[in-house]
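With the hints as constraints, model all of the structure from the sequences given.
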Amino acid sequence: MNPIAQEMQNIAKELLTSGEVTAVIGWEKGTFWYQSTPVMITSAEEADKLIWDEFCQPNLSKYLLDYRLNEGKVAIFVKGCDARAFNRLLQDNQIERQKAYLIGIPCPGMKDHKQAALVEESAKDSVPLAKVCQSCRYPNPVVYDRLIGSEVTPRATEPDFSDVMALEAMTPDERYAFWQEQHTKCIRCYACRNACPACNCRNCIFSDSKSGWISKDVNTSENQFYAITRATHVAGRCVECGQCEMVCPSNIPIMLMNKKYIKDINDLFGKYDAGIDIDTPTPLGHYKLDDPEEFM
Amino acid sequence: MIVIDKNKLTDLLDALNQSYQVIVPAKSADLTQFMPYDAVKEKNAEIILNENTVLSPKWLFLPQSEGMYAFWAKNKKLEIVDLPSDLEKMRIVFPVRHCDVQGIACLDKVFLDERHVDGQYLEKREKTVVMALMCNNPKDSCFCASMGVDRAHANNTVADVQVYDLGSEYAFEALSDKGQQAVEAIKALGSEKTVAVPEVKEQKIKVNIEGLPEKLSGMFYDSIWDSFMFKCIGCGTCAFICPTCYCFDINNKIRGEEGVKLRTWDSCMFDEYMLMAGGHNPRPGKKERVRNRFLHKLEYFYENYQMMLCTGCGRCLRKCPMNVDIVKFINQANAK
Amino acid sequence: MSSVNENFEPKILVFACNWCTYAGADLAGLSRLQYPPNVRILRVPCSGRVNPQFVLRAFQRGIDGVLVCGCHPGDCHYTSGNYYTRRRYLLMKRMLEFMGTDPERFQTRWISGSEGPKFQEVITEATGIIKAIGPNRKMRDDLTIQAAFAQRDAEEEEGEAK
Amino acid sequence: MKKYAYYPGCTLGSTGVEYGLSTLEVCKKLGIEMWEIPDYNCCGSSSAHLVNPYLALGLSARNMAIAEEAGLDVAIPCAACYSHSKAAELAVKESPEKRAIIEDIIGRTYKGESKAKSILEVLAESLDLEELKAQVVHPLKGLKVVTYYGCLLTRPKKIACDDAEDPIMMDNILAALGAEILPWSAKTECCGASHTASEPGVGIGMTDKILLAAQKSGADCVATACPMCMGNLDMRQVQAAKMFNHNYNIPIYYFTELLGLALGIDSKKMGCDRHFVPAMELLQKYEKGGEQ
Amino acid sequence: MKKVGVFVCHCGSNIAHSVDCAKVAETLKDFPNVAFSTDYKYMCSEPGQELIKKAIKEQGLDRVVVCSCSPRMHENTFRNCVAQAGLNPYMFEMANIREQCSWVHPDDMEKATEKAIDLAKMAVSKVCYDEPLEKSYSPVTKRALVVGGGIAGIQTAIDIANNGFVVDIVERTPSIGGKMSQIDKTFPTLDCSACILTPKMVEASSHPNINLITFAEVEKVEGYVGNFDVTIRKKARSVDMSKCTGCGTCWSKCPTKVPSEFELGMSMRKAIYTPFPQAIPNKPVIDREHCLKFTKGICGVCSKVCPAGAIDYTIEDELVTERYGAIVMATGYQLFDASVYGEYGYGRYPDVISGLQFERLINASGPTMGHLLRPSDGKEPKNVVFIKCVGSRDENKGKEYCSRTCCMYTAKQATLVRDKIKDSKVYVFYMDVRTPGKGYEEFYNRTTEKYEANYIRGRVSKITQEGDKLLVHGEDTLLGRPVKVEADMVVLATAMVSNPDAAHLAQLVGFSYDKDGFYTESHPKLAPVETHTAGVFLAGACQGPKDIPDTVAQAGAAAVKVTALLSKDKLETEPSVSVVDQKNCAGCGHCVNICPYRAISLETIQERVNGKTIERKVAHVNSSLCRGCGACTVTCRSSSISLKHFTNKQILAEVDALCLQ
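Residue numbers (the numbering used here), protein chains in the order written: chain R, 35 to 330; chain U, 105 to 440; chain V, -8 to 153; chain A, 15 to 306; chain Y, 24 to 684.
Treat the hints as calculated values from the structure; they're not laboratory data.
It cannot be assumed that every hint is accurate.
As the list claims (entries may be wrong) - Estimated spans, in silico, between C-beta atoms of each pair:
#: 1; chain 1: V; residue 1: Q142; chain 2: R; residue 2: K322; range: 54 to 64 Å
#: 2; chain 1: Y; residue 1: D539; chain 2: V; residue 2: G125; range: 44 to 54 Å
#: 3; chain 1: V; residue 1: S105; chain 2: Y; residue 2: D539; range: 22 to 32 Å
#: 4; chain 1: R; residue 1: L152; chain 2: U; residue 2: K291; range: 34 to 44 Å
#: 5; chain 1: Y; residue 1: T272; chain 2: A; residue 2: Q149; range: 54 to 64 Å
#: 6; chain 1: Y; residue 1: L342; chain 2: A; residue 2: Q149; range: 35 to 45 Å
#: 7; chain 1: Y; residue 1: L502; chain 2: R; residue 2: T314; range: 52 to 62 Å
#: 8; chain 1: Y; residue 1: H394; chain 2: R; residue 2: T314; range: 52 to 62 Å
#: 9; chain 1: Y; residue 1: K548; chain 2: A; residue 2: E83; range: 50 to 60 Å
#: 10; chain 1: A; residue 1: S109; chain 2: Y; residue 2: D539; range: 21 to 31 Å
#: 11; chain 1: R; residue 1: D82; chain 2: A; residue 2: E127; range: 23 to 33 Å
Keep in mind that this is a model prediction, so the values were computed, not measured.
Even for Gly, the Cβ is constructed at its ideal location relative to N, Cα and C.
Set out below in structure tokens:
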């Protein structure tokens, strides 16, 4: 049992017995060795379910949306990206700060469970870090009530746009072929939307066929409309937690589109990291008189 | 039984491809699914024989989005137009693992029910030869044995040809006349031999479904659901990759005066699934939806068709983003 | 690009803001400034009303070129509409190119109520370019419908041919 | 620890030697590291721009490019060198075409990121006047000074290192040393520059006007930051007096000399004994503890 | 079942010459939902409109599309026409097949007709989604607020009050009067400023409909046109206004002397003071920073000597909230700080003064009782130099704009000097002389001829002190040589700039201001006294530099705009506004920040969720503030907010209509 998991359990026991929180949300071991999935415990005895390993990448902040109605506090464990996701929900007025007790854990970077699924458990060490974790700039939670362990040095200071630039280098037709192939695979299961902390609408225009934006037909064009629109909706708000790519059953590189928007926003309107400072309005939520001008 | 050497696989597929449209499980653009053999050759994708695909072969019979008929207004009068079927040649699917064959059997129960036979589904079933492969290298997520799937002999209401993997050779045994024609086409590649059914390796996951439906029928208000419902994020992954989920939604796609009536997959995990006029939703929360999914798979379907609606293919175990695990549920339900 | 047949007539959609570009288009009309007839103008209260999803929908429906036009920053009748338009479409233009659509098919331009000649020039130039690169094949969504009515259209052609 | 690239130019080795010596001494004392630009060339200020404007810009751009490669801003004592180096920096920053031509001439890239700064700017920027007061060894109390900025440091507006009409950088530094800065009317008048040689009637008249104004203001001495102004006011003071029958004996100092004196640097080491108008006598009064 | 009527207009030959109107009408006949389609020579004419009304009645049409000229031209005409036929005026759309079709494709009949058909189809598709809209109404409070008590504020208040409406004036200083009360004479008539101002001040203070709230500031403004809730902070005067008779005993006995702001520091006032003798209300105020009672807790002489016992040190600031129908900003201007021009020595040489200081010196109630004396030694100046455009028309150090009034008041001041001191000499350094008003040029000519003011065309480079004289180094561009003038006194005509807190006040009330801090009018030519925010008007120099005649004219204009607004019992608002589907809205608040009119606010609503009533925040659009720009509909990701008459469905329908075979 590694020390962090031990301390997680102690804190959970302490919070639950003291009654400060009505529930604690953490991770428990899933069916396979590369799966650590969310669990909610409401009594101190269940605390030993909580674990901490290098597959705890599901983002717990969005579960708070299910508990915004009950009175008590809910404790959740937050890595760097989860904390940014929490700020995202806070900035979108979807949760109240005092209804959540955040236990921050500096994150060493989570492994890519899709690569892990292809190998045996014995080859655990050969599994690479998830793509977003390799160039993670905020491993230490930016907001927490309590911190376990000590801060870790970020693995990068500048975002890594190499994959975006690789695609930009292609000709328009090559890029179009690339995205056609990717969006043909999409089965519109909306896992990317449901896992994304920036997608917190009450009912989404895509699950409401009366909205008129999109028909229920599943073909490459409608899938592409969905993909581009979702990327545009989270532009300037995406906290780069990489959950959309993690949960996609068809392995579509969704983060490529989000990172393209982030790169453009940085170039055009100045470097901006979502979910860090909740007071500054999001890039598309305000404007400057001297924004770059290309449309004269 | 016709026995054909494994290294003749491509010749076998080419042979079949003359008269049939061959469909094989393959991996392209980092996704494993059943694809036409021509597309596989064109993209030189890798054919997947040792595990089941992420997307089940369900789409061959119940496409994710299928036009039922077209309609248009000819000077203010409605005109219905049948859609041309896009199945010119007979299709042959090789290899289909027993869990997917069982899945198709479940779909047959629903779409070929004698009270109402679904024309489009029937046409696709009749025009497809299913070659079931007895797989003896199960993945660690497979538990079809525990779900009552015969590891040795595929469900013969669906499988037209039973194929056995003898290590370096395949043995083909025709089970239906459609199957017989298919075996005829490849007879030349191998020789006639009688072969014993190879025995099968143990599966890691075992689960006891004895008397489960009856037990579950009394557990609607049980507290087991609270712990299970929490993790689900309400996406449609499990429903869309599951070989047996058959729920669909009917809607229109209209362009001015003309349009197409569409049948598209739907998932009971979506909140709009049960949304009724006036805004009422009998299954508003995740708890009701997860409960409905498990009960439909393990109880309701059994009460109607004496067959589990879960064939133990293990896809939802692997692909559910939050690992809502049906096996864990069954074990906890049995323990209650 | 395959050789484009000469009689290809592109269909171009212009989202025009009511207070500036629409007035500019009217002024072009008043001054009888001619431009190619391939353009259809859709009036919106402000360029800030044009949702990038409309642009996607236009390409899906087979429109060959889309222009989003509004007042020059600072002139907006609603004080800040076009500042948001500028931010949204600086990003949307790059995303459309990132998705592989031909860059010439989408433009955003500021045209004021007094710039009739500029409206004429922008439209003529855009039509010329789009005519050169041919019809838009990308992101099209009306293929299921066309397939459904291929038979009927074929019969109609035969009927007309007889 | 501030660090600048140092560009002495041609005058600080010849007619303005005391300016160079005093600047380096003062910077050493104040802990400002000066890295002399290796293999620097003439800044093209005297006549290059008559031949070809890009020759002048190219010459100073080359020095700036070397400094940019070392990632340092350039400290330039001489006003003329400063004026031309700043012009090169602005030309490169403002128009890509000019930048292309200039880079083609000097055969290396110069983005305009390293800035040209007059020594006045450098001292004003890196000195905290309170700290400076603490370091003063010989306070200049009682010394009446008029500050003379001349034209190259203040015109044209874009290049000016201080307010073109009412520059005060030198005033603030000398006031911090305790000197009394008198208001006078010729702060930014032109000293006649090279006209004193080519057109003495006009040139020397301009120099005389400045000296007269200084005398009228009752100042003990004039402080300046430009070797050419020093040249005219100091070297030609006697000639101007004779020509316009005035009587002057006003020592002219580089402000760095006064700064050095206040910081306790020996005036000989700064070359103060090389002036035309005897300058040592006034300085020694302060070296021996200043006015009682 | 929707029944659309399509009416194609020939517009004489304007459309018909290049669009086959009959064909358009014919083709539209079998377009979905079209029940009636015809064409006619002049749709906008009387018979044309009759045709529409008849068709509506006979065919039972519920929507009408007219394909003719630009909606910017005849949309209202046709809306009234369909309204008269009993149809809701918003069940109507227009296709612009003239300015944007026939006139621009004159020699291509086939393509122009095809385009006209497309435009008609777009209009019909859109009209199918039109919904009947009613103009909504909001109440109007019959009371106006004027911020600022200078001549602009006073005149506005008087004009509003004379129209029978109650108006409050909020003035920051203890008395109304503003800058005009500091001025001596006014151009071009040279009549004494106090003589024409004081009667207006008295009229304002005695008018039954006007309430003076002096020594007070606007603290907070909420609400919208017709219903502004304004919180005013009445700063503590420490004098009970009801008791005080203004006898003056207190300020005669008060020991503390303080430089008087009114006299620009050139003379002193007491800690308890009225700014100037003719102050209204003529009741003193205690300056708490300097009064010994408040700073050291000693003295208190004033309360002892006050015959009426009106002094009360315990009075504190008082916050008053009042509802107003309209607000007029009349906050005036300030003078440019001339010390920015170090080379002129303003602030260093005492005899270099600003125009306003000159006004005080020459004013009879000023520090020198009207004798023009040098602040340095009190002597009478013989040579006076005026320098114009100090801070105006100078992007480097000052403001880029021209301050309009300096030329005239400098000419006036030059005349006064020459008039007061017979043997004086006056020099005026100028770039141009701008005399844009009635009688202005004649006044300027009198200044140069009769009063022999020397106008030198050129800028002044610097001013230096030579003994007790000021040496003005300038240039005479007409002679082409530098000039030096020995002067006893130099008067700088400094620029008119906005008040330092103008930007803060604009954000407080909620309207925009320009880069120089002046308030932005709705349209420079057609709406100079209105702002983009409904119900907020401007008067005087706060909108831009101007002289007294223009200020009074603007005050009158603003008053009329206010009375036009207040005379209505309810305000009609444009129905094409945004509306929120509160069931769908998640309350994320993105639309709130985007709305340029602050029309959207987050509001708490109650909802029953599986048995419990819960409260949550959703967006709410104030329909009387919303102007229908639609920016919120795009930032709303879940499309919960939609703009009536331009909904997503309508625009999508138009886009789809374009692509039908």
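Results for each hint:
no.: 1; hint: Q142(V) x K322(R): 54 to 64 Å; in the structure: holds, 56 Å
no.: 2; hint: D539(Y) x G125(V): 44 to 54 Å; in the structure: holds, 52 Å
no.: 3; hint: S105(V) x D539(Y): 22 to 32 Å; in the structure: holds, 25 Å
no.: 4; hint: L152(R) x K291(U): 34 to 44 Å; in the structure: holds, 37 Å
no.: 5; hint: T272(Y) x Q149(A): 54 to 64 Å; in the structure: holds, 59 Å
no.: 6; hint: L342(Y) x Q149(A): 35 to 45 Å; in the structure: violated, 54 Å
no.: 7; hint: L502(Y) x T314(R): 52 to 62 Å; in the structure: holds, 59 Å
no.: 8; hint: H394(Y) x T314(R): 52 to 62 Å; in the structure: holds, 59 Å
no.: 9; hint: K548(Y) x E83(A): 50 to 60 Å; in the structure: holds, 56 Å
no.: 10; hint: S109(A) x D539(Y): 21 to 31 Å; in the structure: holds, 30 Å
no.: 11; hint: D82(R) x E127(A): 23 to 33 Å; in the structure: violated, 59 Å
This entry does not satisfy hints 6, 11, going by the numbered hints stated previously.
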